[in-house]
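Residue numbers (my numbering), protein chains in the order written: chain A, 55 to 392; chain B, 251 to 499; chain C, 289 to 483.
Watch out, some of these pointers could steer you wrong.
The calculated EDC-like cross-link candidates involving lysine to aspartate or glutamate, where the alpha carbons are at most 20 Å apart (straight line), are [claimed, not checked]:
(1) C:Lys369 to A:Glu379
(2) C:Lys369 to A:Glu376
(3) C:Lys383 to A:Glu373
(4) A:Lys335 to A:Glu379
(5) B:Lys451 to B:Asp493
(6) B:Lys435 to B:Asp263
(7) A:Lys366 to A:Glu356
(8) C:Lys305 to C:Glu441
(9) A:Lys358 to A:Glu379
(10) C:Lys460 to A:Glu376
(11) A:Lys306 to A:Asp192
(12) B:Lys451 to B:Asp335
(13) A:Lys238 to B:Asp286
(14) A:Lys228 to A:Asp192
(15) C:Lys369 to A:Glu373
(16) C:Lys305 to A:Glu307
(17) C:Lys460 to C:Glu441
(18) A:Lys238 to B:Asp263
(19) C:Lys305 to C:Glu471
(20) A:Lys279 to C:Asp382
(21) C:Lys305 to A:Glu373
(22) A:Lys238 to B:Asp493
(23) B:Lys259 to A:Asp240
(24) B:Lys443 to B:Asp308
(25) A:Lys228 to B:Asp335
(26) C:Lys460 to C:Glu445
(27) A:Lys306 to C:Asp359
(28) C:Lys383 to C:Asp409
(29) A:Lys238 to B:Asp335
(30) C:Lys369 to A:Glu307
(31) C:Lys383 to C:Asp360
(32) A:Lys359 to A:Glu385
(33) A:Lys264 to A:Glu325
(34) A:Lys238 to B:Asp308
(35) A:Lys257 to B:Asp308
(36) B:Lys435 to B:Asp493
(37) A:Lys306 to C:Asp360
Negatives, chain A to chain B, calculated, CB over 10 Å [said to hold, decoys possible]:
(38) Met99
(39) Val108
(40) Gly125
Since the hints were derived computationally from the structure, they do not count as laboratory data. Remember, predicted model here, so these are calculated numbers, not experimental data. The beta-carbon is built from N, C-alpha and C at its ideal position, and this holds for glycine as well.
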Amino acid sequence: MAGCKSFFGYPITPQTEISAYMAKRMPKEGGVFLQAESEIAAVNMVLGAAAAGVRTMTSSSSPGISLKSEGISYIAGSDLPCVIINVQRGGPGLGGIQPSQADYWQATRALGHGDFHVLVYAPASVQEMVDLVIEAFDRADEYRMPAMLLADGMLGQMMEPVTFPEVKKNVPDKPWATNGHQGKRDHNVANSLFLSPGDLHSKVVRRFEKYKEIEQKLPKAETYKTEDADIIVTAYGAAARIARSAVNMARKEGIKAGLIRPVTLYPFPKEIIRKHTENAKEILCVEMSMGQMVEDVRLSVECKKPVRFYGKTGGLIPEPAEVFEQIKRIEKRIGGAY
Amino acid sequence: MTAVFDRPKSMRDVTMHYCPGCTHGIVHRLICEVIDEMGIEGNTVGVCPVGCSVMAYDYFNCDMIEAPHGRAPAVATGVKRSLPDRFVFTYQGDGDLAAIGTAETVHAAARGENITVIFINNTTYGMTGGQMAPTTLPGQVTQTSPYGRDTAVQGYPIRVCEMLATLDGVALAERVSADCFANVKKAKKAIAKAFGNQKEKRGFSIVEVLSTCPTNWGLSPVEALERLRKDCIPYYPLGIYKDVTQGGE
Amino acid sequence: MQKKEKVLPHGGDAPYKKEILLAGFGGQGVLFAGKVLTYCGLLAGKEVSWLPSYGPEMRGGTANCSVCISDDPIGSPLVTKPDLFICMNGPSFDKFIDSVVPGGTVFIDETLVTQEVSRTDVTVYSIPAAALAAENNLSGMSNMILLGKFFKESAEETEMFSMETVKGALEKCVPSTKTHLIEVNIRAIELGRKK
């Protein structure tokens, strides 16, 4: 749909649904599906395909993403675009196979060695998985960098109605591609090695200038009933769906609760969060982890407001009623204070 | 005046960083000659390894990609699958291909990826200063086998061509040597065959070139070539281990 | 068991909002039955979600799935307090019976669930689905027999689970290479509807 020409995968639960779908779909679209011998090989096949100038992707789940991080760093260091999907499961180590959001730090901070970012999108519905894959390919090409969809086992395995957009054909020209110069230009090199410290410095600095523009232009978040909210819940992905249910429960009982759901995790929607929490009294961050995004939320409000955390990890999914309980507790506290 | 010897067109006019007496330059030149003779420079993508030839992308005029250590066959797979009509080759050393990249090598071969792998076997890690490689000979002294490779402790060397020749996806597995004029001529023939196999879509081709590393072997260039003949060739016999164009194999 | 009052108690403000939990062993067709319900909702123009949960093994382990059907966008797709619980084995009964909302409805395959329902605040329908499947040459179709019972008890309340919609849903759920199975599924549903 997004003009993706190749998919390189390796089986791991709970993302096998994506591989199975691509194995069926790609040959019909004249594309390539290849099951690699390892996550490492798969991501390096993506590196090769990206360098060749085609739209390419891979998907995996948490332990597999750790293996891919080598390749992701090289892809970022070679300024190549691609899309990587992480259907998160519980960790560390082999962890579990149930839904989790424990890879937020990895996705936004540590997807490989070196000074770099990847674009990170957090879908919260099956429809958004589709829409954000397209967005991720477009932005990855525009900024010549990897883009990740940070999903979880819940989104990876659930079924919901989806509308597929028109097949897209306008993939931009890639004059930098190593696809054979045909005698028409000097040779292109896709490379992340710069042995002179000065060269490497300026290369990385240029990349960070690009990130500055990205941080201006691309942050995206959905806000829900935040206008008059005293308590604002922040959550992404599946946790945001649970939080949304909890916000509805709170509203029903007359508690002014709202939700901010970051859609981009890098760039993090700091400004949106700051603005929409201006009149709020407390913030509650809900995650399926021990609390990772909560740090970015605190930075966004510059620690000027209390940011509480509620989460479950290991594959346990917080229930709307539990989150509602947390909201009620906060309401009780701030109700007394005002 | 007629020029009888010149730099191949597909070789860039830059000074190489290789040590005196190193055979990398010879093998680079052979690849370039083959590319020139086939007229495929504009249609070729090369993949460099991590190792002494990490910067080979500066020496070839065709498009080049620098791969992570050991991953060149996977990167080449990504290129070839995306652009099946391009000629794709990897250029890898023994540490890159036979240690950290064993899985990528074996599986690209097993899949019959229609690519050419040029494998430089000099029995040591050159770039990092001469450590023991998977191909280091029994008894060979290196920085990390200072008392000589003891097979009871450090295991045995890997004979890559023999191993890969057992795989159905392999079209050509041939070991050549860069030690003398006659062998260099044979090496070029093997490289040409490997690129020809891509054209004919025959599958995975590997040409293993026994090479020298005078610096890390602690020998003069001439002594190094002698050692290659005396020690390396007997352990790694030259020849064709598999060639689908020759019946029977 | 006699029908007591309306089968699908409405929850929340939404005009229609059902949270359904289907549970049993892997291999019983629990996930498939959930898909059929989901498609019924989809064909009726509702917001729907289907979320499976199962162990790493493909057969024999525990399996359950959450189905939400609503007029409003669905928040959490995970059903923890089902309005409707379709229960196909004993362990699932023990695990989930107390999570059903007061006023909720439970459908039980009494061939495999031998426990008594002690709760008095839920409506219970119990049929020997697995035994019926065995008797009627419908092996592996106890899921559809139990669904048939559910469709019958829900027909009065909503068109969503009319045979016409159910047939449409089955056409969506059964792979195009196995269309002959649609008829068998319908036979099983009809059998359940008669009970």
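Quick rundown of the hints versus the structure:
1. C:Lys369 to A:Glu379: Roughly 15 Å separates the two Cα atoms, so the pair holds.
2. C:Lys369 to A:Glu376: 12 Å, holds
3. C:Lys383 to A:Glu373: Judged against 20 Å, a Cα distance of about 17 Å means the pair holds.
4. A:Lys335 to A:Glu379: 17 Å, holds
5. B:Lys451 to B:Asp493: 14 Å, holds
6. B:Lys435 to B:Asp263: With a Cα-Cα distance of about 23 Å, the restraint between B:Lys435 and B:Asp263 is violated, given a limit of 20 Å.
7. A:Lys366 to A:Glu356: Violated, at roughly 25 Å.
8. C:Lys305 to C:Glu441: With a Cα-Cα distance of about 17 Å, the restraint between C:Lys305 and C:Glu441 holds, given a limit of 20 Å.
9. A:Lys358 to A:Glu379: 24 Å, violated
10. C:Lys460 to A:Glu376: 36 Å, violated
11. A:Lys306 to A:Asp192: Status violated; Cα separation ~40 Å.
12. B:Lys451 to B:Asp335: 10 Å, holds
13. A:Lys238 to B:Asp286: 16 Å, holds
14. A:Lys228 to A:Asp192: 13 Å, holds
15. C:Lys369 to A:Glu373: 10 Å, holds
16. C:Lys305 to A:Glu307: The hint holds at about 19 Å.
17. C:Lys460 to C:Glu441: 23 Å, violated
18. A:Lys238 to B:Asp263: 18 Å, holds
19. C:Lys305 to C:Glu471: 30 Å, violated
20. A:Lys279 to C:Asp382: Between A:Lys279 and C:Asp382 the Cα gap is close to 39 Å, so the pair fails against 20 Å, i.e. violated.
21. C:Lys305 to A:Glu373: 17 Å, holds
22. A:Lys238 to B:Asp493: 35 Å, violated
23. B:Lys259 to A:Asp240: Since the Cα atoms of B:Lys259 and A:Asp240 sit roughly 13 Å apart, the hinted pair holds (cutoff 20 Å).
24. B:Lys443 to B:Asp308: Status violated; Cα separation ~25 Å.
25. A:Lys228 to B:Asp335: 18 Å, holds
26. C:Lys460 to C:Glu445: 23 Å, violated
27. A:Lys306 to C:Asp359: 17 Å, holds
28. C:Lys383 to C:Asp409: 17 Å, holds
29. A:Lys238 to B:Asp335: Satisfied, since the Cα-Cα distance of roughly 17 Å is no more than 20 Å.
30. C:Lys369 to A:Glu307: 19 Å, holds
31. C:Lys383 to C:Asp360: 29 Å, violated
32. A:Lys359 to A:Glu385: Holds, because 15 Å separates the two Cα atoms, which is no more than 20 Å.
33. A:Lys264 to A:Glu325: 19 Å, holds
34. A:Lys238 to B:Asp308: 18 Å, holds
35. A:Lys257 to B:Asp308: 18 Å, holds
36. B:Lys435 to B:Asp493: Between B:Lys435 and B:Asp493 the Cα gap is close to 18 Å, so the pair holds against 20 Å.
37. A:Lys306 to C:Asp360: 15 Å, holds
38. Met99: For A:Met99, whose nearest Cβ neighbour in chain B is about 4 Å away, the distance does not exceed 10 Å, so it is violated.
39. Val108: The assertion about A:Val108 is violated, with a minimum of 5 Å to chain B.
40. Gly125: 6 Å, violated
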